[in-house]
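**Q** Turn these sequences into a full structure, and let the hints guide you.
Taken in order, these protein sequences are the chains called A and B.
Residue numbering for the first sequence follows our numbering, beginning at 1 and increasing consecutively.
Residue numbering for the second sequence follows our numbering, beginning at 1 and increasing consecutively.
Treat the hints as calculated values from the structure; they're not laboratory data.
Treat the hints with care, as some may be off.
Claimed, not checked - FRET-style restraints, in silico, Cβ to Cβ:
no.	chain 1	residue 1	chain 2	residue 2	range
1	A	154	B	227	39 to 49 Å
2	A	66	B	114	44 to 54 Å
3	A	103	B	182	45 to 55 Å
4	A	100	B	116	17 to 27 Å
5	A	59	B	27	20 to 30 Å
6	A	119	B	114	25 to 35 Å
7	A	15	B	250	56 to 66 Å
8	B	27	A	64	20 to 30 Å
Unchecked claim - Only some residues are given here: those of chain A computed to face chain B with a beta carbon under 8 Å:
no.	residue
9	60
10	165
11	168
Predicted model only: the values in this text are computed from it and were never measured.
Backbone N, C-alpha and C define an ideal beta-carbon position, used for all residues, glycine too.
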Amino acid sequence: VALQVAEVRSAPDEETEVWFARLYAENWDAILSYALRRARCPEDAADLVAETFLVAWRRAADVPAGPKARAWLYGVARRLLANQRRGARRRGRLVGRLREELAAAIDYEAPPSGETAVMEALARLKEEDREVLMLAGWEQLEPAEIAGVLEISAVAARSRLHRARRRFRAAFEGLEPATARSKGEEEEG
Amino acid sequence: MRREEIEGLIEAADPVDRDAVAGLPLGEAKRELYEAIVARPQEGPRRVGAASPGSPPALPRRSRLPRLAIAAVAALAVLGAFISGLFDGSSGSGTALAAARQRLARVSPHLLLEAPGWEMQAAEQSGAGEGRIEFAVDDLEQHGFLGGRLQIETQSVARLTWRVQSPQAPRGRDGRQRTVATAQVPGARALVRAFGREEISGLPSRRARELGLPAERSFSAVWLDAGLHLRLDSTAPNAESFVRLLGSLRKVQGPTWLRALPRRMKLIGGRPIAGIPLAEWQIAFHCGPLSAALTAREDPALVAYFRHQCHQ
Chain A
1 VALQVAEVRS APDEETEVWF ARLYAENWDA ILSYALRRAR CPEDAADLVA ETFLVAWRRA
61 ADVPAGPKAR AWLYGVARRL LANQRRGARR RGRLVGRLRE ELAAAIDYEA PPSGETAVME
121 ALARLKEEDR EVLMLAGWEQ LEPAEIAGVL EISAVAARSR LHRARRRFRA AFEGLEPATA
181 RSKGEEEEG
Chain B
1 MRREEIEGLI EAADPVDRDA VAGLPLGEAK RELYEAIVAR PQEGPRRVGA ASPGSPPALP
61 RRSRLPRLAI AAVAALAVLG AFISGLFDGS SGSGTALAAA RQRLARVSPH LLLEAPGWEM
121 QAAEQSGAGE GRIEFAVDDL EQHGFLGGRL QIETQSVARL TWRVQSPQAP RGRDGRQRTV
181 ATAQVPGARA LVRAFGREEI SGLPSRRARE LGLPAERSFS AVWLDAGLHL RLDSTAPNAE
241 SFVRLLGSLR KVQGPTWLRA LPRRMKLIGG RPIAGIPLAE WQIAFHCGPL SAALTAREDP
301 ALVAYFRHQC HQ
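**A** Right, dumping it as structure tokens:
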């Protein structure tokens, strides 16, 4: 009897499914991009995307309306990513095909030297500073949206972004000059 | 460093191009995942009015200056664009072109010619671990009539070819070249070589003079830097001029190099060029009807080809 009650309670209504289909379609690229930027491999990115949307589906009642939905999804993805990094993740139960196809399509190579210094400076920051800079620069979020992701006030987000830029500047300018590259001359035709 | 510069640096270091992400061939996987998710139970029904289906999510506040790490898709996109003629110079903001630009920015040496007027005109990765960048300057305008019909108008062009340094011994030197100088380039000292005078503009020098073409020679510079074998080819009146050109070669940051890429890119190396599908220019290639002025602007190799074909 208990099982039947649970099934009745969890059966999605048509309106919810329509809402979720739209949420999924409109935020797929953004969440996939977020995952690809931060995950260690395409397989992890696939897991992160799947778990994020699964949480949205399961907790449909908690997802805010309209534009705030994307920030909410980023926030979920961010927490899931932290779980992934702690090793507490659920591997690939939903996403066998997505993992395979992402792994085939994505080439996780090191960035070219031009960006190495930027990435190195970012890596030197605390996770809190790095994330707020990436949300602004890569996810193109305004401070008010960043506040939604990090669950802090807009004023706090603006302040955190300001501090993070200052620290990035210090880290970037404090980097050693690029190591000398190999030099030489060659006879060839 | 100002706030805008910091934002620009971080934005340019974005490892993902959302346009390229949108082009990933994940349709089936995406649909399967959706179906797997909605088959799962929910914790509770969605509140009525909690979501407004008519409320679109926020859009990015500005367009991206991306760099991508999506090699396979980029390669497919470039191939698709090649086949469908997207590289006809009219689709500079297309996804395929954006992907190609990002791919190039990732693999190419970030070198620019900063002598006045010189601009990057084209760039390509011609194979695994090799490619080229073409620079041009509108410093040379020659009007002549080949066979009484063909007008020539051209630019000076410098072509930088690069390839990952091979562990194998370098090939023998081209017997038509001789080393005439050395010159400082970013990261190394280059050997400067000159071709014989008969190589002027791909024409016999006598014929070149008859046409009023400047008495230029072909030069090349070769050097190694950061595991790459680099070579710059151009023409110049003399070795000193070519060395001066080499001196304007600068290594720049990735975002700067990316910004220098032309908004419109053409494919070089005997493949279709801007606005002229291959079949069309082949058919049109009869000195008379062809608009050589247009063609000469596109590819110096074609100019030389035309001159040969029309005057031999």
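**Q** Against this structure, judge whether each hint is valid.
**A** Evaluated hints:
1. 154(A) - 227(B): 39 to 49 Å: The hint (39 to 49 Å, Cβ to Cβ) holds, given that residue 154(A) and residue 227(B) are roughly 47 Å apart.
2. 66(A) - 114(B): 44 to 54 Å: About 48 Å separates the Cβ atoms of residue 66(A) and residue 114(B), which means 44 to 54 Å holds.
3. 103(A) - 182(B): 45 to 55 Å: Given about 47 Å between the Cβ atoms, the range holds.
4. 100(A) - 116(B): 17 to 27 Å: Since the Cβ atoms of residue 100(A) and residue 116(B) sit about 52 Å apart, the hinted range of 17 to 27 Å is violated.
5. 59(A) - 27(B): 20 to 30 Å: holds, 26 Å
6. 119(A) - 114(B): 25 to 35 Å: holds, 26 Å
7. 15(A) - 250(B): 56 to 66 Å: Distance hint for residue 15(A), residue 250(B) holds at roughly 59 Å.
8. 27(B) - 64(A): 20 to 30 Å: holds, 28 Å
9. 60: holds, 4 Å
10. 165: Constraint on residue 165(A) satisfied, holds at 5 Å.
11. 168: Holds - the Cβ of residue 168(A) comes within 8 Å of chain B, reaching about 6 Å at its closest.
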